[in-house]
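K.L.:
Sequence:
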Amino acid sequence: MGLKLYNTLTRRLEDFIPRSDVVGIYTCGLTVQGPPHVGHIRAALVRDILMRWLSHLGHKVKALENFTDIDDKIIEKQKEYKQDWRIISQKNIETYLRACDELNITRADVYPRASQHIEEIISLVQRLIDKGYAYEKKGDVYFRVRKFPDYGRFSKKSIDELMAGARIEPTESKDDPLDFTLWKAAKPGEPYWLSPWGKGRPGWHIECSAMSMHYLGETFDIHTGGEDLIFPHHENEIAQSVAATGKEFVRFWLHNGWVTLTGEKMSKSTGHYSPIKDVLERYSSNVIRLFMLKTHYRKQLEYADERLHEARSAYATIKTYLDKHGDVPQISEPLMRDTFTEAMNDDLNTSRALAVLYELITEGNECKDDRRAKEIAASVKYYYTLLGFIEEVEEVVEPYKAVVQILSDVKKRLREEKRDSVLESITSIDDFELLKDIKNIYPLIIRLLLRIRDELRKEKDYEFADYIRERLSESGIFVDDSTKGSTYRREVR
RNA sequence: GGCGGUAUAGCCAAGUAGCAAGGCGGCGGUCUGCAAAACCGCUAUUCGCCGGUGCAAAUCCGGCUGCCGCCUCCA
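FYI, the numbering for the first sequence is 1 to 493, going by full-length UniProt numbering.
One should not assume that every hint holds.
As the list claims (entries may be wrong) - Simulated restraints on C-beta separations:
{"#": "1", "residue 1": "E302", "residue 2": "S332", "range": "33 to 39 Å"}
{"#": "2", "residue 1": "T270", "residue 2": "T339", "range": "40 to 46 Å"}
{"#": "3", "residue 1": "S421", "residue 2": "E392", "range": "36 to 42 Å"}
{"#": "4", "residue 1": "D15", "residue 2": "P329", "range": "51 to 57 Å"}
Unchecked claim - Heads up, simulated BS3-like pairs for lysine-lysine below, C-alpha to C-alpha not over 30 Å straight-line:
{"#": "5", "residue 1": "K319", "residue 2": "K268"}
{"#": "6", "residue 1": "K157", "residue 2": "K91"}
{"#": "7", "residue 1": "K174", "residue 2": "K247"}
{"#": "8", "residue 1": "K412", "residue 2": "K460"}
{"#": "9", "residue 1": "K368", "residue 2": "K411"}
{"#": "10", "residue 1": "K60", "residue 2": "K299"}
{"#": "11", "residue 1": "K277", "residue 2": "K401"}
{"#": "12", "residue 1": "K91", "residue 2": "K277"}
{"#": "13", "residue 1": "K82", "residue 2": "K294"}
{"#": "14", "residue 1": "K174", "residue 2": "K187"}
{"#": "15", "residue 1": "K137", "residue 2": "K174"}
{"#": "16", "residue 1": "K319", "residue 2": "K299"}
{"#": "17", "residue 1": "K299", "residue 2": "K4"}
{"#": "18", "residue 1": "K374", "residue 2": "K418"}
{"#": "19", "residue 1": "K147", "residue 2": "K187"}
{"#": "20", "residue 1": "K156", "residue 2": "K73"}
{"#": "21", "residue 1": "K147", "residue 2": "K174"}
{"#": "22", "residue 1": "K91", "residue 2": "K268"}
{"#": "23", "residue 1": "K324", "residue 2": "K294"}
{"#": "24", "residue 1": "K412", "residue 2": "K458"}
{"#": "25", "residue 1": "K411", "residue 2": "K460"}
{"#": "26", "residue 1": "K265", "residue 2": "K156"}
{"#": "27", "residue 1": "K411", "residue 2": "K401"}
{"#": "28", "residue 1": "K199", "residue 2": "K137"}
{"#": "29", "residue 1": "K401", "residue 2": "K458"}
{"#": "30", "residue 1": "K73", "residue 2": "K137"}
{"#": "31", "residue 1": "K199", "residue 2": "K77"}
{"#": "32", "residue 1": "K157", "residue 2": "K73"}
{"#": "33", "residue 1": "K411", "residue 2": "K484"}
{"#": "34", "residue 1": "K247", "residue 2": "K4"}
{"#": "35", "residue 1": "K299", "residue 2": "K265"}
{"#": "36", "residue 1": "K199", "residue 2": "K73"}
{"#": "37", "residue 1": "K412", "residue 2": "K324"}
{"#": "38", "residue 1": "K401", "residue 2": "K460"}
{"#": "39", "residue 1": "K484", "residue 2": "K401"}
{"#": "40", "residue 1": "K484", "residue 2": "K319"}
Derived by calculation from the structure, the hints in this document are not laboratory data.
Every residue, glycine too, gets a C-beta built ideally from N, C-alpha and C.
The task is simple: from the sequences and hints, build the whole structure.
P.N.:
Spelled out as structure tokens, the structure:
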């Protein structure tokens with residue numbers, strides 16, 4: 001059984017058969033007038049998982065993710081902040097890409113920007129005019145919706161119903177309220193490009209058709225984006241593309257469910273959203289990834305601290321298991337391959353795929369046979385990596401300061417209480433030449449504290465020992481005692 | 001109003017006809033000076049409500065209700 005994907009075009013699960021050797025993917029990315037939020041990341045993560053899985057299945061992939069960096073909203077922001085639109089968009093793009101990198105989201109091959117493809121946009125608009133699908137009015141160019149018989153089919157909307165809500169803005173001079181803008185004349189003071197219709201800028205929608213065709217050809221395999229883009233954005237993309245080329249535009253349309261906050265959809269325009277920057281400060285990349293993959297991509301996903309905390313605990317289980325096994329060999333034939341593959345092939349069912357991971361972990365923990373245990377651990381790591389989780393890099397600077405303070409407090413107390421025997425036991429530890437290297441000194445100090453604590457425990461001074469444990473725990477360092485001695489672990493963020 | 005989605009344990013969440021995956025939490029246990037961690041075990045006779053078709057339904061059909069969304073900018 002091969003990969004099946006839910007296609008919005010047909011509203012059913014279909015076998016994914018690529019058109020050629022290279023699978024073309026276009027993701028509708030951001031309109032960059034505001035900071036990226038969790039919803040945008042979900043869309044990016046869907047592309048990431050799709051790309052990872054397609055590559056795993058042996059496909060070559062060429063992926064684009066666009067930035068619509070010039071539109072009405074960004075011009076508004078320019079006026080509001082008295083800052084050039086290019087600076088605003090650049091800032092938001094950088095924030096977004098940094099967040100994606102931190103989240104280990106596979107980079108698209110190209111991140112085209114509308115403002116950098118004006119030439120392709122103009123020629124596409126011209127093509128539509130030449131074919132009679134578009135017309136110019138006072139420097140604006142509109143797409144004649146009624147000329148395109150299939151309009152509304154994709155989003156299952158009827159033209160008559162759309163008419164009821166349609167309006168012509170006072171500034172527009174459309175022939176028909178349903179018509180949408182392909183090219184918009186610039187008002188004085190607004191950014192513009194020269195075109196056959198005068199100074200102006202692209203309308204929203206046309207950039208995606210122009211750029212996807214430019215990089216992927218007039219027909220390509222997969223188009224992804226948030227569910228909220230089905231109408232009007234993708235409906236319009238299809239109309240203008242098919243009208244221009246007379247060819248099929250996209251084979252598969254994948255739409256992810258939105259992210260909600262307190263039960264309502266996150267949205268840039270209403271200000272009801274959590275910026276990804278804030279989220280990354282609070283939770284590690286792996287935790288955020290797990291949080292998102294736990295729910296199937298087409299379902300609505302509630303962003304709430306409670307959910308993230310749950311994901312953090314769930315992630316700790318995986319991390320603890322992998323840490324316990326340390327180095328595991330790289331393998332190419334993991335256990336439970338069929339179950340995992342079946343889940344992923346079923347419209348990228350990451351929820352089920354993760355269940356495979358957890359089943360393996362439980363089995364690994366029960367397993368007494370060393371060889372088998374190694375094999376299980378290797379399989380867990382294999383799937384973990386395949387799903388885009390990463391090895392965590394520990395931050396050392398902040399906790400370093402904290403442990404130095406704790407050590408100093410503990411030494412002070414030892415001196416005050418004249419605990420000479422304990423003090424003596426540690427003076428022999430003269431590893432301070434290692435002070436030069438912060439990465440080495442950090443665990444060293446913790447081990448030193450654990451040794452002091454060990455002495456105290458031998459002397460049955462549990463109150464003092466517990467004090468050290470408590471202080472460390474406040475800094476996110478948890479001490480675990482076992483018959484083999486004490487170990488510590490860092491809190492999962 | 002039209003269209004689309006969704007309703008499964010305390011919470012989250014898979015599951016489209018054959019005795020309900022997985023996670024979080026909770027409870028019990030092993031270990032321990034205590035704790036924590038880790039591990040083990042238990043935790044839905046039942047899938048929003050009502051009716052129907054099947055030997056058999058969370059899964060199909062009809063009706064009802066709740067929630068979310070699109071129809072205007074949105075990932």
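K.L.:
Hints first: check each against the structure and report whether it holds.
P.N.:
Structure-based check of each hint:
1. Take E302 and S332: their Cβ atoms lie about 38 Å apart, and the range 33 to 39 Å holds.
2. Separation of T270 from T339 is about 41 Å and conforms to the stated range, judged on CB atoms against 40 to 46 Å.
3. A beta carbon spacing of about 39 Å between S421 and E392 agrees with the range 36 to 42 Å that was offered as a hint.
4. Look at D15 against P329: about 35 Å separates their beta carbons, and that is not inside 51 to 57 Å.
5. The straight-line distance between the Cα atoms of K319 and K268 is roughly 34 Å, outside the 30 Å bound, and the hint therefore fails.
6. In summary, the hint linking K157 to K91 is not supported, as the alpha carbons are separated by about 37 Å, beyond the 30 Å threshold.
7. Distance hint between K174 and K247 is fulfilled; the C-alpha atoms sit about 27 Å from each other, no more than 30 Å.
8. Straight-line distance between C-alpha atoms of K412 and K460 comes to about 20 Å, which keeps the hinted pair within the 30 Å bound.
9. Between K368 and K411 the CA atoms are separated by roughly 43 Å; this puts the pair beyond 30 Å, and the hint is violated.
10. With a CA separation close to 28 Å, the supplied pair K60 and K299 stays within the 30 Å bound.
11. At most 30 Å may separate the alpha-carbon atoms for a hinted pair to count; K277 and K401 meet this at roughly 25 Å.
12. Between the alpha carbons of K91 and K277 the distance comes to roughly 13 Å, so the proposed pair stays at or under 30 Å and holds.
13. Restraint check: the Cα-Cα separation between K82 and K294 comes to about 42 Å, which exceeds 30 Å; the hinted pair is violated.
14. At roughly 17 Å between alpha-carbon atoms, K174 and K187 fall within 30 Å of each other, so this suggested pair holds.
15. A distance of roughly 7 Å separates the Cα atoms of K137 and K174; the hinted pair therefore holds under the 30 Å criterion.
16. At roughly 26 Å between alpha-carbon atoms, K319 and K299 fall within 30 Å of each other, so this suggested pair holds.
17. Distance restraint check for K299 and K4: the Cα-Cα separation of roughly 17 Å lies within the 30 Å cut-off, and the hinted pair is therefore satisfied.
18. For the hint linking K374 to K418, the alpha-carbon distance of about 49 Å lies beyond 30 Å, and the restraint is violated.
19. Under the criterion of a C-alpha separation no larger than 30 Å, the hint pairing K147 with K187 is consistent with the structure, at around 29 Å.
20. The suggested pairing of K156 with K73 holds, with an alpha-carbon distance near 28 Å, which does not exceed 30 Å.
21. As the CA atoms of K147 and K174 are separated by approximately 14 Å, the hinted pair is consistent with the 30 Å bound.
22. Among the hinted pairs, K91 with K268 is consistent with the structure: their alpha-carbon atoms are about 16 Å apart, no more than 30 Å.
23. Our distance criterion of 30 Å between C-alpha atoms is met by K324 and K294, whose separation comes to about 23 Å.
24. Taking the CA atoms of K412 and K458, the gap is about 20 Å. The hint holds against a cut of 30 Å.
25. Taken as a hint, the K411 and K460 pair is honoured in the structure, with Cα atoms around 18 Å apart against an allowance of 30 Å.
26. Distance check on the hinted pair: K265 and K156 sit about 21 Å apart at the alpha-carbon level, within 30 Å; holds.
27. Our distance criterion of 30 Å between C-alpha atoms is met by K411 and K401, whose separation comes to about 16 Å.
28. The suggested pairing of K199 with K137 holds, with an alpha-carbon distance near 13 Å, which does not exceed 30 Å.
29. About 28 Å separates the Cα atoms of K401 and K458, which keeps this hinted pair within 30 Å; it holds.
30. For the given pair, K73 sits about 22 Å from K137 by alpha-carbon distance, which is consistent with the 30 Å threshold.
31. At roughly 20 Å between alpha-carbon atoms, K199 and K77 fall within 30 Å of each other, so this suggested pair holds.
32. Annotation: proposed proximity of K157 to K73 holds, straight-line Cα distance about 26 Å (limit 30 Å).
33. For the suggested pair K411 and K484, the alpha carbons sit about 25 Å apart, so the restraint of at most 30 Å is met.
34. Pair hint K247 plus K4 holds up; C-alpha atoms about 24 Å apart against a cutoff of 30 Å.
35. Distance check on the hinted pair: K299 and K265 sit about 12 Å apart at the alpha-carbon level, within 30 Å; holds.
36. Using a Cα cut-off of 30 Å, the hinted pair K199 and K73 holds, with the two alpha carbons roughly 18 Å apart.
37. For the suggested pair K412 and K324, the alpha carbons sit about 35 Å apart, so the restraint of at most 30 Å is broken.
38. Restraint check for K401 and K460: the C-alpha separation of about 29 Å stays at or below 30 Å, so the hint holds.
39. Our distance criterion of 30 Å between C-alpha atoms is met by K484 and K401, whose separation comes to about 28 Å.
40. A hinted pair counts as satisfied when its Cα atoms are at most 30 Å apart, and K484 with K319 qualifies at roughly 21 Å.
Hint check: violations occur at hints 4, 5, 6, 9, 13, 18 and 37; the rest are consistent with the structure.
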